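There are 2 protein chains.
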Amino acid sequence: MILVSVDDHAIEPPDMFEGRLPAKYADRAPRLERRDDGTHAWTYGGSEYRGVGLNAVAGRPKEEYGLEPTSLDDMRPGCYDIHERIKDMNANGVLGSMCFPSMPQFCGQLFARTEDKDVAKAMVEAYNDWHVESWCGPYPGRFLPLALPMMWDPELTAAEVRRMAGLGCHALTFSENPAALGYPSLHTDHWDPVWAACCDTDTVVCMHIGSSSQLVITSVDAPMDVLISCQPVTLLQCAADLIWSPMFRKFDDLRVALSEGGIGWIPYFTERLDYVYDHHRAWTGQDFGDRLPSEVFNEHVITCFIDDPIGVENRDHLNVDNITWECDYPHSDSTWPNSPEVAHRYLQGVSDEDIDKITHLNAMRHFHYDPFVHIAREDATVAGLRAQAVGHDVRIVSKGRRTSGARATKASDLAVATSS
Amino acid sequence: MILVSVDDHAIEPPDMFEGRLPAKYADRAPRLERRDDGTHAWTYGGSEYRGVGLNAVAGRPKEEYGLEPTSLDDMRPGCYDIHERIKDMNANGVLGSMCFPSMPQFCGQLFARTEDKDVAKAMVEAYNDWHVESWCGPYPGRFLPLALPMMWDPELTAAEVRRMAGLGCHALTFSENPAALGYPSLHTDHWDPVWAACCDTDTVVCMHIGSSSQLVITSVDAPMDVLISCQPVTLLQCAADLIWSPMFRKFDDLRVALSEGGIGWIPYFTERLDYVYDHHRAWTGQDFGDRLPSEVFNEHVITCFIDDPIGVENRDHLNVDNITWECDYPHSDSTWPNSPEVAHRYLQGVSDEDIDKITHLNAMRHFHYDPFVHIAREDATVAGLRAQAVGHDVRIVSKGRRTSGARATKASDLAVATSS
Numbered sequence: 037m038i039l040v041s042v043d044d045h046a047i048e049p050p051d052m053f054e055g056r057l058p059a060k061y062a063d064r065a066p067r068l069e070r071r072d073d074g075t076h077a078w079t080y081g082g083s084e085y086r087g088v089g090l091n092a093v094a095g096r097p098k099e100e101y102g103l104e105p106t107s108l109d110d111m112r113p114g115c116y117d118i119h120e121r122i123k124d125m126n127a128n129g130v131l132g133s134m135c136f137p138s139m140p141q142f143c144g145q146l147f148a149r150t151e152d153k154d155v156a157k158a159m160v161e162a163y164n165d166w167h168v169e170s171w172c173g174p175y176p177g178r179f180l181p182l183a184l185p186m187m188w189d190p191e192l193t194a195a196e197v198r199r200m201a202g203l204g205c206h207a208l209t210f211s212e213n214p215a216a217l218g219y220p221s222l223h224t225d226h227w228d229p230v231w232a233a234c235c236d237t238d239t240v241v242c243m244h245i246g247s248s249s250q251l252v253i254t255s256v257d258a259p260m261d262v263l264i265s266c267q268p269v270t271l272l273q274c275a276a277d278l279i280w281s282p283m284f285r286k287f288d289d290l291r292v293a294l295s296e297g298g299i300g301w302i303p304y305f306t307e308r309l310d311y312v313y314d315h316h317r318a319w320t321g322q323d324f325g326d327r328l329p330s331e332v333f334n335e336h337v338i339t340c341f342i343d344d345p346i347g348v349e350n351r352d353h354l355n356v357d358n359i360t361w362e363c364d365y366p367h368s369d370s371t372w373p374n375s376p377e378v379a380h381r382y383l384q385g386v387s388d389e390d391i392d393k394i395t396h397l398n399a400m401r402h403f404h405y406d407p408f409v410h411i412a413r414e415d416a417t418v419a420g421l422r423a424q425a426v427g428h429d430v431r432i433v434s435k436g437r438r439t440s441g442a443r444a445t446k447a448s449d450l451a452v453a454t455s456s
Numbered sequence: 037m038i039l040v041s042v043d044d045h046a047i048e049p050p051d052m053f054e055g056r057l058p059a060k061y062a063d064r065a066p067r068l069e070r071r072d073d074g075t076h077a078w079t080y081g082g083s084e085y086r087g088v089g090l091n092a093v094a095g096r097p098k099e100e101y102g103l104e105p106t107s108l109d110d111m112r113p114g115c116y117d118i119h120e121r122i123k124d125m126n127a128n129g130v131l132g133s134m135c136f137p138s139m140p141q142f143c144g145q146l147f148a149r150t151e152d153k154d155v156a157k158a159m160v161e162a163y164n165d166w167h168v169e170s171w172c173g174p175y176p177g178r179f180l181p182l183a184l185p186m187m188w189d190p191e192l193t194a195a196e197v198r199r200m201a202g203l204g205c206h207a208l209t210f211s212e213n214p215a216a217l218g219y220p221s222l223h224t225d226h227w228d229p230v231w232a233a234c235c236d237t238d239t240v241v242c243m244h245i246g247s248s249s250q251l252v253i254t255s256v257d258a259p260m261d262v263l264i265s266c267q268p269v270t271l272l273q274c275a276a277d278l279i280w281s282p283m284f285r286k287f288d289d290l291r292v293a294l295s296e297g298g299i300g301w302i303p304y305f306t307e308r309l310d311y312v313y314d315h316h317r318a319w320t321g322q323d324f325g326d327r328l329p330s331e332v333f334n335e336h337v338i339t340c341f342i343d344d345p346i347g348v349e350n351r352d353h354l355n356v357d358n359i360t361w362e363c364d365y366p367h368s369d370s371t372w373p374n375s376p377e378v379a380h381r382y383l384q385g386v387s388d389e390d391i392d393k394i395t396h397l398n399a400m401r402h403f404h405y406d407p408f409v410h411i412a413r414e415d416a417t418v419a420g421l422r423a424q425a426v427g428h429d430v431r432i433v434s435k436g437r438r439t440s441g442a443r444a445t446k447a448s449d450l451a452v453a454t455s456s
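Those sequence lines, one after another, are chains A and B.
Just so you know, we're using my numbering here: the first sequence kicks off at 37 and counts up by one.
Just so you know, we're using my numbering here: the second sequence kicks off at 37 and counts up by one.
Please note that the accuracy of each hint is not assured.
Note: identical chains are not told apart, hence a pair may lie in one copy or across any two.
Claimed, not checked - Computed list of lysine-lysine pairs in DSBU-like fashion (alpha-carbon distance at most 30 Å, straight line): (1) K98 <-> K435; (2) K153 <-> K60; (3) K123 <-> K153; (4) K98 <-> K286.
Keep in mind that the hints were calculated from the coordinates and are not lab data.
Since the model is a prediction, treat every value here as computed from it, not as a measurement.
Let's have the full structure, built from the sequences with the hints guiding it.
Structure (structure tokens):
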């Protein structure tokens, strides 16, 4: 088995901007600072951002999940150190990894809020350069690079997509719902330059859960379990926007990945799309020509899952050529360091051909990722990678809790903690 | 085949309050009035409510769906006339029907907003009396009665549940998310008197889509298709509230129906519940003893669908003893008047035992509904009922459009149209 994950997370190291910004902006870079209570926070544009690792709890006991971690010391070094990351990947038998940003938020909301847009642009470029050179660069064949957009300007984003494609990057992280961030919605032609650039460069638009900065808060007293249960399937609304927007009908080659959306609900959803089309197109005016919305969905949308046996069982109701696998290291939903064993359970009875598509071939094709240029196939398998990680410690280690406030059990606590 | 629908809709006739209110409140009853433009509107408490039939478009061409109808004249008489309703049910081969309210909104929000709570209480009681006596009464064995709650007061609601159970009613329409209506959430013990009354009287709590007065509006320019595609699965959030709230663990016999929620997403959802429980219980503190959340869900939650082949195919991943069928007459998502033919398609290959459970036995058991006391079994089948409807006209008839504003194609138009 060969495992390629299209959803992991980089925790940015403190030195990431060093030497990457024009001199005039160097002192405006985000800075990781130690607070009096021992926690870390990024400071940027006069504000302090405390979610240094979002949810980077890999390797810690489940009792310590929550609003942890609060400092780099509380994380496995594999969260932010690329050499340690490779060891953690090897220990989990994962060959390739696409890493979403943490500090700038999923589609670079942090930089997009910067008033001086020249600064914002410099930050995104510096981030993307760091990502390609320092994060993905040292270990060729191990990473699928992912570019940050410049959400405030579609033309700039389009240019950045082209620049990044020139550096071998064929994925763009974007918002599941730009309207929720105050930008024009997916139903406008505002984003057409971005979609055109993605088509021209064979770049996949990745829409990760949380990339609209919205959380599922059903009530202020809803326990955190409600949010965790519901958050992946929030991408169902994004998927509905995508399909009823003109974008797929206008851009034949456009592909969107529903990152961390899960797949078990997709067969229900595509069936519902066709039902809605049949019952309502006469008055809503939707027109897919001689095709069905489910067909358009299955052609354009790349589906992504961590651990979703029902989805795998129903794979014939999805496009099995577009199903991709996720590890989600180092977040709490991750299957690390037992991903192969977990996958083995839900892949029972699946044909070798489908297993290969789901675990790595689809990801390789969609993201222009060819690890075998750099790595011999026998070294790329779960067994081959784990052989390289002998002795690497993946035991669960307690870090304790630094602040009492870090234990949040209501969904609304998380909203408060991540809003500043 | 015998069809019992647990989700249809009554359109209230203008005379429904006649003789049902204490004399001092008689002139405060909602009144159906004809506006200058020919449309109908209910007036109540000094406000005008224009959604006279919500979405009662049965029998009209699909081109005329939308914010129609705008008057009783635009509807089939079966929407509001009980004798005509029976004919429409017969023509569709439907034996039994549970009808949700239209004018008062799904859980009686209209009455609950009344400042004078004595008036509000009188209105709910009058509505429930009308529902049992005038709507369900004339045709014994054809309806599963459904009570409106008094959302502003759990004790009053509990008393009403008990009163209605005495009249043979074992279903209560409730809000999928009371917190969204300004009441305490499902995570509090505020509603315990209601749950206790429902357990004592073997009454099912029905949570219909839309009963939180919230619509899926992803952006102001999102086309209506987005809302229609997403609205059923909004009950996934309700389901998450239900399972992580203490209510099922506190009230062993409590049952909740997810009305018009669909079933195709349920296997994904229950799998996700167990995943969240496994990954997060150590820090969120959830405790289901020796059970899994999926087991508790499958025991307590009654699932409901209109046309959901994927859900039927995956029925072994649901509790097949709790799956129920819906016709949704006279709304635009309904399969009327071809429900048996539509059902025939997705029931291919399903055992007779499962078909019987899904089409009528589960509904009969859960709602204390025994039509065969009143109706011979051979007259209750699709064929038997249709034989009684020979000559009843179910052809599609155009009614035109009364107002240009009635054609809304954006989800946000619907929000505006239904908000007053």
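K153 and K60: within-copy, between-copy, both or neither at 30 Å Cα: This pair counts as within: shortest intra-copy Cα distance 14 Å, inter-copy 66 Å.
K123 and K153: within-copy, between-copy, both or neither at 30 Å Cα: Neither. Shortest intra-copy (38 Å) and inter-copy (66 Å) distances fail the 30 Å Cα cut-off.
Up to 30 Å CA-CA - K435 versus K98, copy category: within (11 Å within a copy, 61 Å between copies)
Homo-oligomer pair classification [K286, K98; C-alpha up to 30 Å]: For K98 and K286, the Cα distance is within 30 Å only across copies (26 Å; inside one copy 46 Å).
Going through the hint list in order, the structure does not satisfy hint 3, though it satisfies all others.
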